[in-house]
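> Sequence:
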Amino acid sequence: MQNQMMTAAPAERETVPQKLHDALRLLDRIPHDLIALIARLSIAAVFWQSGQTKVEGWQVTDNAVYLFQTEYKLPLVDPWIAAHIAAFSEHFFPFLLVIGLASRLSALALLGMTLVIEIFVYPDAWPTHGTWATCFLVIIAGGPGRIALDHLIARWFSRSSRDGTKGNA
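Numbering-wise (my numbering), the sequence shown opens with residue 62 and increments by one.
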């Protein structure tokens, strides 16, 4: 009996790493489509909500312009223009991210906006901005996933391209 226990112990030690490895392999199965969708929706919400603080109806508020004059103080950009560009960008690009259209371009535009905010406005907020940048980089590097108009458009063009090639042969 003692002999059986001695042979069982090494087998158990081998199974613990194997179980850990198997558990980690389960994490590898999280589809990029899900990760990209969550990244797109969550970061879009952050910027959309910020954009909503800058407008009343279809108008950029005086308070938004005032913030660009006094707190944000971007170099080389008139505060009125900056407030309008920010309000537009914080609505337009998040909308595109939600529907998955021009996703990489939209993520790139908002990443640029994030860099401006980090460098010129709130340099101490790098942990938050780093989180935002990570969402954008997931989309820029890996694409928006299959739950996106970009994917449907790419499939359509791919099919059209194949059909066109067959017709010319």
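Any given hint might turn out to be false.
Cross-link-like lysine to aspartate or glutamate pairs, in silico, DMTMM-like; alpha carbons within 20 Å at most [claimed, not checked]:
1) Lys-134 to Asp-94
2) Lys-134 to Asp-123
3) Lys-134 to Glu-179
If you're looking for bench data, these hints aren't it; they were derived computationally from the structure.
As the structure is a computational prediction, the values presented were derived from the model and not from experiment.
> Hint by hint, note whether the structure agrees.
Comparing the hints with the structure gives:
1. Lys-134 to Asp-94: 38 Å, violated
2. Lys-134 to Asp-123: It holds: about 15 Å lies between the C-alpha atoms, which stays within 20 Å.
3. Lys-134 to Glu-179: With Cα atoms ~13 Å apart, Lys-134 and Glu-179 stay inside 20 Å; holds.
Of the numbered hints listed earlier, the single one contradicted by the structure is hint 1.
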